[in-house]
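Per this note's numbering, numbering of the sequence shown is gapless, rising by one per residue and ending at 283.
Errors might be hidden in some of the hints.
[Stated by the list, open to error] Computed list of lysine to any residue pairs in SDA-like fashion (alpha-carbon distance at most 25 Å, straight line):
no., residue 1, residue 2
1, K225, R167
2, K225, A241
3, K225, L177
4, K187, D214
5, K225, T209
6, K225, A153
7, K187, A153
8, K187, A236
9, K187, E120
10, K225, A248
11, K175, S230
12, K225, E160
13, K187, L240
14, K187, L245
15, K187, R260
16, K225, L182
17, K225, Q133
18, K175, E211
19, K175, G161
20, K175, P210
21, K187, P282
22, K187, P247
23, K187, A109
24, K175, R188
25, K225, D249
26, K225, L245
27, K187, L217
28, K187, A263
29, K175, W228
30, K225, H194
31, K187, E160
32, K225, E211
33, K187, Y170
34, K175, M124
35, K175, E226
36, K225, D135
37, K175, S131
38, K225, P213
39, K225, P210
40, K187, V283
No wet-lab data here; the hints were simulated from the structure.
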Amino acid sequence: MSLSGLGDTGKAQPPPALFPAPESDTPTPGRRRGGARQNLPAQSSSPQQAPVQSDDAGRQLVFFGADAAEPTVADLAGLLAGPAEVVRMGGTARLSVQVDAAWRVHVLVAELASRGLAASWEPIEGERHAVRTSYTRILKPLAAAWLHGSTKRPPAAFHLTGRRLRLWLAAAGTPEPPDCLLLRLGPDDKECWESIGVALAATGLAGTLLGPADGGPAYRITSRRRLARLAELVGEPPRAAPPEAWPV
Numbered sequence: 036m037s038l039s040g041l042g043d044t045g046k047a048q049p050p051p052a053l054f055p056a057p058e059s060d061t062p063t064p065g066r067r068r069g070g071a072r073q074n075l076p077a078q079s080s081s082p083q084q085a086p087v088q089s090d091d092a093g094r095q096l097v098f099f100g101a102d103a104a105e106p107t108v109a110d111l112a113g114l115l116a117g118p119a120e121v122v123r124m125g126g127t128a129r130l131s132v133q134v135d136a137a138w139r140v141h142v143l144v145a146e147l148a149s150r151g152l153a154a155s156w157e158p159i160e161g162e163r164h165a166v167r168t169s170y171t172r173i174l175k176p177l178a179a180a181w182l183h184g185s186t187k188r189p190p191a192a193f194h195l196t197g198r199r200l201r202l203w204l205a206a207a208g209t210p211e212p213p214d215c216l217l218l219r220l221g222p223d224d225k226e227c228w229e230s231i232g233v234a235l236a237a238t239g240l241a242g243t244l245l246g247p248a249d250g251g252p253a254y255r256i257t258s259r260r261r262l263a264r265l266a267e268l269v270g271e272p273p274r275a276a277p278p279e280a281w282p283v
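Work out the full structure: start from the sequences and follow the hints.
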């Protein structure tokens, strides 16, 4: 099946231009890729730019890290580990996720585009934004793997890679200084939480599950060692992300 998305995703409307989009947010081994500028939502003030890091030819890629492979549609399982939803319609499916900051829209639209998926967005209540793809055949296998009827549930072989964690972090990662970070979960996805915690632990990121009464649902990742491990896996910060929003 072609993953180009041509014919399936071209109907998404570009969002209004309110501040310049950063260059490509998708990490590429050995270099940054420049990307076409897109029209995306503004933040309350212009985002601080993460420092541009020089290429390091001697740096070894972390196994399963975000730099270790090209982006694929399967990476979107990282969004489904968090608060994203996928729904089916006929032989197609659509993925959507609500985020709490405009920089996340920038990053997710770029990440989806790098996988052949056009995305649209709209502001919603509570100063949040909804990002969604068009209905497309490309997402049908992902929906088949994650949906049991209308219930979201990780497949038996679910695991997390650097690219999946990068998407989850971009959509729903919240730092808690000095040495904690929350990876937020879908509030209606209780059947997923335990399996996702097992997958986190398998990457060296064992976290504490917080319920809704404790500021969740989310997994809290603690200690500098685990945050350093997370930073290795997810790669360098997207240019749209405020410096304090990304582990380094």
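Hint by hint, here is what the structure shows:
Only pairs whose Cα atoms come within 25 Å are accepted, and K225 paired with R167 is accepted, the gap being roughly 22 Å. With a CA separation close to 18 Å, the supplied pair K225 and A241 stays within the 25 Å bound. A hinted pair counts as satisfied when its Cα atoms are at most 25 Å apart, and K225 with L177 qualifies at roughly 19 Å. Straight-line distance between C-alpha atoms of K187 and D214 comes to about 31 Å, which puts the hinted pair past the 25 Å bound.
Of the pairs offered as hints, the one joining K225 and T209 holds, with about 20 Å between alpha carbons and a cut-off of 25 Å not exceeded. Restraint check for K225 and A153: the C-alpha separation of about 29 Å exceeds 25 Å, so the hint is violated. Simply put, K187 and A153 have alpha-carbon atoms about 23 Å apart, close enough for the 25 Å limit, and the pair holds. In summary, the hint linking K187 to A236 is supported, as the alpha carbons are separated by about 21 Å, within the 25 Å threshold.
The straight-line distance between the Cα atoms of K187 and E120 is roughly 8 Å, inside the 25 Å bound, and the hint therefore holds. Distance restraint check for K225 and A248: the Cα-Cα separation of roughly 14 Å lies within the 25 Å cut-off, and the hinted pair is therefore satisfied. Proposed proximity of K175 and S230 is supported: the alpha carbons are some 22 Å apart, at most 25 Å. Annotation: proposed proximity of K225 to E160 holds, straight-line Cα distance about 24 Å (limit 25 Å).
Pair hint K187 plus L240 holds up; C-alpha atoms about 23 Å apart against a cutoff of 25 Å. In summary, the hint linking K187 to L245 is supported, as the alpha carbons are separated by about 19 Å, within the 25 Å threshold. A C-alpha spacing of about 31 Å is found between K187 and R260, which places the hinted pair above 25 Å, so the restraint is violated. Our distance criterion of 25 Å between C-alpha atoms is met by K225 and L182, whose separation comes to about 14 Å.
For the hint pairing K225 with Q133, the CA-to-CA distance comes to about 18 Å; that is within 25 Å, so the pair holds. With a C-alpha separation of about 36 Å, the suggested pairing of K175 with E211 is violated against the 25 Å cut-off. Pair hint K175 plus G161 does not hold up; C-alpha atoms about 31 Å apart against a cutoff of 25 Å. Pair hint K175 plus P210 does not hold up; C-alpha atoms about 33 Å apart against a cutoff of 25 Å.
Restraint check for K187 and P282: not satisfied, since their Cα atoms lie roughly 28 Å apart, outside the 25 Å limit. With a C-alpha separation of about 18 Å, the suggested pair K187 and P247 falls inside the 25 Å cut-off, and the hint holds. With a C-alpha separation of about 16 Å, the suggested pair K187 and A109 falls inside the 25 Å cut-off, and the hint holds. The straight-line distance between the Cα atoms of K175 and R188 is roughly 15 Å, inside the 25 Å bound, and the hint therefore holds.
A hinted pair counts as satisfied when its Cα atoms are at most 25 Å apart, and K225 with D249 qualifies at roughly 15 Å. About 12 Å separates the Cα atoms of K225 and L245, which keeps this hinted pair within 25 Å; it holds. A hinted pair counts as satisfied when its Cα atoms are at most 25 Å apart, and K187 with L217 qualifies at roughly 21 Å. As the CA atoms of K187 and A263 are separated by approximately 30 Å, the hinted pair breaks the 25 Å bound.
Between K175 and W228, the direct Cα distance comes to roughly 23 Å. Compliance with the 25 Å bound is thereby established for this hinted pair. Proximity of K225 to H194 is assessed by CA-CA distance (about 18 Å); at most 25 Å being required, the pair is judged to hold. For the proposed pair K187 and E160, the alpha carbon gap of about 24 Å is at most 25 Å, so the pair holds. A threshold of 25 Å between alpha carbons decides the hint, and for K225 with E211 the separation of about 23 Å falls inside it, so the pair holds.
For a cut-off of 25 Å, the pair hint linking K187 to Y170 stands: about 18 Å separates their Cα positions. Using a Cα cut-off of 25 Å, the hinted pair K175 and M124 holds, with the two alpha carbons roughly 9 Å apart. Of the supplied pair hints, the one linking K175 and E226 holds, its CA atoms being roughly 21 Å apart against a limit of 25 Å. Note on K225 and D135: the hinted pairing holds, with a Cα-Cα distance of about 21 Å set against a maximum of 25 Å.
The suggested pairing of K175 with S131 holds, with an alpha-carbon distance near 14 Å, which does not exceed 25 Å. Taking the CA atoms of K225 and P213, the gap is near 28 Å; set against the 25 Å cutoff, the hint is violated. Of the supplied pair hints, the one linking K225 and P210 holds, its CA atoms being roughly 23 Å apart against a limit of 25 Å. At roughly 31 Å between alpha-carbon atoms, K187 and V283 are farther apart than 25 Å, so this suggested pair is violated.
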